[in-house]
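Asker: Which chain is which? The protein sequence lines are Z and S, in order.
First residue of the first sequence? That's 1 in our numbering, and the numbers climb one at a time after it.
First residue of the second sequence? That's 1 in our numbering, and the numbers climb one at a time after it.
Honestly, I wouldn't trust all of these hints.
[Stated by the list, open to error] Calculated cross-link-like contacts (lysine to any residue; reagent style SDA-like; alpha-carbon spacing at most 20 Å):
no.	chain 1	residue 1	chain 2	residue 2
1	S	81	Z	291
2	S	337	Z	387
3	Z	65	S	337
4	S	293	Z	260
[As the list claims (entries may be wrong)] Covered by chain S, according to a simulated footprint, are these stretches of chain Z (three or more residues, beta-carbon under 8 Å):
no.	segment
5	32-45
6	308-320
[To be verified] Pulled from the structure, derived: some chain Z residues nowhere near chain S, Cβ distances all over 12 Å:
no.	residue
7	130
8	218
9	394
Calculated from the structure, these hints are not laboratory results.
Just so it is clear, CB atoms sit at the ideal spot from N, CA and C, and this is done for glycine as well.
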Amino acid sequence: MGNFKDRVKQSTPIEGLSSYVMKTGAMDIVTLSGSFLGGALYSQSHKEQAATITASMLDKGTKKKDKYEISDQLESVGAEIHFMSNRHHTQFSAHCLKENLNTVIALLVEQLRTPSFPEKELSTLKTRVVGNLTRAKEDTKKLASIGLLQTLYPEDHPNYRFSLDHTINSVEKLTRSDIIDFYNKRYGLGSINIVATGDVDANELEDCIKNEFGGWATQDTGPLPIRCKANESKRENKTIHVPDKTSADLYIGQPIGIDRDHEDYYALMMGVYILGGNFSARLMQTVRDQQGLTYGIGSSVSGVAFGADGYWSTWGTFAPDAISKGKKATIEEIEKWYKSGVAEEELSAKKTTITGAYKVGMDTTSGLTAQILTNAERGKPIGHLDTYPDIINSLSLDKVNGAIKSYINPDQLVTVAAGTFE
Amino acid sequence: MSPKNNQLHDGFDFVKSSGGIEEYTLKKNNLTVLVLEDPSAPVATFMVTYHVGSRNEAIGHTGATHLLEHLMFKGSRNFNKEKGTAIWTELQNLGAQINATTWNDRTNYFEVVPSEHLERAIAIESDRMRYAFLRDEDRQPEMTVVRNEYERGENSPFDVLDKNIWATAYQAHPYHHSTIGWRSDIENVSTERLQEFYHTYYWPNNATATVIGDFDKKEALSLIKKHFGEHTACENKIPEMYTEEPAQEGPRRTTVKRIGQTSIVGVAHKTPEGLHRDTYSFQLLGKILADGKTSRFHKKIIDQGLATSIFMYDFPFKDNGLFITYAFLTPGVDHHKVEEIILNEYEDTIKNGVSSSELNRAKAQMRASVAYSRDGSHAVASALNEAIAIGDWTFYTTFMDNIESVSGSEIQEAAKTYLKENQSTVGYFIALDPK
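Use the sequences and the hints to build the structure in full.
Answerer: Have a look at this one:
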């Protein structure tokens, strides 16, 4: 726990691949995660789903094994391998008993390096994905979130989200050659980070990585330039009608114009945390605890990775007939927070909260692995994880209140509600 | 079991140990205490499990256990807003993970804290065990909070269908109603009724305190004695829930229709109480049928494009449970077709059993998932909590040995005994076209 610099063994077993290994007290189990640049943003226009579908096709067969042989090999030892993609990265993860680690890595790399992309499997997968997306059309939270991001950002921005109908259409049109094309351009050595924690030996893992990944083609994929900025901030209210729903979702937000590396980021993040970062933050204490209007409400800063100008938002759920009251109460709290700023004792308490939670959050191998991988993806040295509590503890009251004044404008909030309204 | 020297602690009786966990009883009031030292991270989880859940509720106050759980955060003698020591603030300001959950057979309160703050968690749980405020002015706004939690659940087609299947399968037994309760009961249960509930069940001799993680056992037990030792045991006998579900004498069906995009089939059969030997057979059968891409349902339903996802559960409860398979249908697929495939597979298990390779694979999957379930003190506490709830915490420590001893013929026998048409409840969630 803690002291990452000394406890994580960082190395480059082969060119274009960095590994981070941390042995912990967890008995017999290993959690492994990795990623490389090549997420949805790297797909061609109108083929945005190519990254996701390509990743989902990796367990459907390799040149040597069909999907049942892959699954059988994993399930016979109770191991799991998953592939997925987000905006920037294609990611993989594995969870297994210590004794099976080398076998599981060999299989994972076989899936990454020699996928067969069977046509019939692609067709079945597309049907499933479309079915899931169709079901999401009644998910009030998802619809409100998409509504907010479509208002805050133009289509070319990494934080923009397409409508579910657009995404369904994009999935339906994808062909096997689109998948192969994406695979050939994006998969390979170059930007791979691999993290393993638990009952794992760093030297053995490095040898295994060398053996399995050695000789794979290199891709010169780099971070994407940000092509555009957020839309100009202006007050806007949107309502999305979803029939037969007993609870509505409300998003309130606006762009902040800065990314995670900006000098004001942590001060703003702290200010927003004091507003709605946890149960004892202002929004839960007033809108839920005192007024009883919601089961859950919170606020956060998002979309700030890899140079993107992010946004801050508040999300809460309300009975449809209480949405106006809930919205009013939330905005009043935001205005009060903006006008008066936060107090020294709040800042002090939340510093202990965030640094303590940072420690508690690393109680599991999955928590540790996620922290180390995210840090590596952001290009930060491993020692950055040790300095995070110091960064938080060094924030001054003036800096936090200054950031709230600089990046929040209560007169130009965008609100989006999704649910069944009269 | 005779205690060793390091199991002798002032004020406690050593009861037994299993799988590294030691059980003690606090002599003063019969509080059960479980300790598991694990120094792998400088974090400790403290949890109090009360042996009361929604199975202890009746018509008119369904959801009361859960609503009471919410009110338990509103303040107690030493930890309250008026003193500037509100529970959430006290603990979250330390970076603790804190919450509580309610289910059929138990209510648990837990804190995951940096180890040096373990005493704060113990002090808070002890204080609210007997000195919670439970004021009417707190119930009013909290009722609407819980009602919104209910409304959020009702937004989910799966939650609604699952609730309907349990309500159809169980008619007399309180598993009939879900833990959140019926809306009108949430809205109308009185504060007095909740207080009565609290004073009936929230006693040290109806609770188990668990400490897991990086701590000194002697010191932790001493802190538990210091704080919980101030309470007496309940003078009255804790009431037992005695309602039994009458035998089911035919198949049952339930249907929910709503405008939307989701169609689901659920097929449920009654299973024995959690501590019954057949529980282990059903845990393995669930893996064989629905866990992983080589499982029978994955091949026959998902791979055929009939459903976008499928899963089953058979949670071991204090009383009888349900072995349920759920399939989320691909748009346009007929509910009956998928129901028939599920039932045919049950029939095949009854007639032909399971193969040794299926059984071996299911055991390997279980072995690994048990190992993963020990990743972190809170993960251990969560799993242990469910064993405490069904009446024997060693269910957790002996689970894998029992699983290893299950034979294929036992699984076939269990299927023959319980997967009968007359014991079934089938539910459909039907999406209606918005037009």
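Asker: For each hint, tell me whether it holds in the structure or not.
Answerer: Quick rundown of the hints versus the structure:
1. S:81 <-> Z:291: holds, 15 Å
2. S:337 <-> Z:387: Distance ~58 Å between residue 337 of chain S and residue 387 of chain Z Cα, so the pair is violated.
3. Z:65 <-> S:337: violated, 31 Å
4. S:293 <-> Z:260: violated, 39 Å
5. 32-45: violated (count 0)
6. 308-320: holds (count 3)
7. 130: violated, 8 Å
8. 218: holds, 32 Å
9. 394: holds, 17 Å
Consistency with the previously given hints fails for numbers 2, 3, 4, 5 and 7, ordered from lowest to highest.
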